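**Q** The chain contents come next:
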Amino acid sequence: GAGVSQTPSNKVTEKGKYVELRCDPISGHTALYWYRQSLGQGPEFLIYFQGTGAADDSGLPNDRFFAVRPEGSVSTLKIQRTERGDSAVYLCASSLGRGQNTEAFFGQGTRLTVV
Amino acid sequence: QKEVEQNSGPLSVPEGAIASLNCTYSDRGSQSFFWYRQYSGKSPELIMSIYSNGDKEDGRFTAQLNKASQYVSLLIRDSQPSDSATYLCAMANQAGTALIFGKGTTLSVSS
Numbered sequence: 001g002a003g004v005s006q007t008p009s010n011k012v013t014e015k016g017k018y019v020e021l022r023c024d025p026i027s028g029h030t031a032l033y034w035y036r037q038s039l040g041q042g043p044e045f046l047i048y049f050q051g052t053g054a055a056d057d058s059g060l061p062n063d064r065f066f067a068v069r070p071e072g073s074v075s076t077l078k079i080q081r082t083e084r085g086d087s088a089v090y091l092c093a094s095s096l097g098r099g100q101n102t103e104a105f106f107g108q109g110t111r112l113t114v115v
Numbered sequence: 001q002k003e004v005e006q007n008s009g010p011l012s013v014p015e016g017a018i019a020s021l022n023c024t025y026s027d028r029g030s031q032s033f034f035w036y037r038q039y040s041g042k043s044p045e046l047i048m049s050i051y052s053n054g055d056k057e058d059g060r061f062t063a064q065l066n067k068a069s070q071y072v073s074l075l076i077r078d079s080q081p082s083d084s085a086t087y088l089c090a091m092a093n094q095a096g097t098a099l100i101f102g103k104g105t106t107l108s109v110s111s
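Protein chains in written order, with my numbering: chain B, 1 to 115; chain F, 1 to 111.
The reader is advised that the hints may include incorrect statements.
[To be verified] Cβ-Cβ distance ranges computed for the label pairs, FRET-style:
| # | chain 1 | residue 1 | chain 2 | residue 2 | range |
| --- | --- | --- | --- | --- | --- |
| 1 | F | Glu57 | B | Ala55 | 44 to 50 Å |
| 2 | F | Gly29 | B | Gln41 | 39 to 45 Å |
| 3 | B | Asn62 | F | Glu57 | 25 to 31 Å |
| 4 | F | Arg77 | B | Val74 | 20 to 26 Å |
| 5 | B | Asp57 | F | Gly29 | 19 to 25 Å |
| 6 | B | Thr7 | F | Ala17 | 24 to 30 Å |
| 7 | F | Ser82 | B | Leu96 | 38 to 44 Å |
| 8 | F | Ile18 | B | Val115 | 27 to 33 Å |
| 9 | B | Glu83 | F | Glu57 | 27 to 33 Å |
| 10 | B | Ser38 | F | Arg28 | 42 to 48 Å |
| 11 | F | Pro10 | B | Ser5 | 30 to 36 Å |
| 12 | F | Lys56 | B | Ala55 | 46 to 52 Å |
Think of the hints as simulated: they come from the structure by calculation, not from any bench. These numbers come from a predicted model, not from an experiment. Quick reminder that beta carbons are idealized off the backbone N, C-alpha and C, glycines included.
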């Protein structure tokens, strides 16, 4: 597609429920990133995929968070037993390759609200 | 802890003026820096990348990098009301697997 696509745009869930957030990267981009952004803060790194593998998951806050990218394209971020503190905008980005000089482009985000 | 620091603002400039946005970083090993613009309620949009010391110009935007001082800046010439947004400074980690963002500086351009 023309840009990074994320679905849903908004998700409201009850505390304790499970949610899945989907990201479809720019066609041909091998690198995919998940970030989380709270109000008044910059995006916070969660996880990075190069192809199908999670090359860096150091930003995942705890084991309730998990992400997959089984075919090296679409990725799903999964959050178990959601807590109110998980409420944020979840951003996905993709880039052509890896390395410090790689420019990353963001999707429109999924606003997650845990009530 | 690798950090990127930005003044949160708001920075207010009149239309047509030069807006100067600044950023400092703690990791001397980082080689790549990026400026993103984020309108309220929208996602970050990449506007500039810079990897070498000195200036890089693109239209009304100039990014400046000084690795010795660990300082990055963004100059916006002939500021327009449409430039009003939050500007996020980011640096790539040494592995190239993540961007570390500052909290952003809010710019307001008045007409």
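**Q** Identify every previously stated hint that the structure contradicts and give their numbers, smallest first.
**A** The structure breaks hints 1, 2, 3, 4, 6, 7, 8, 9, 10, 12; every other hint is satisfied.
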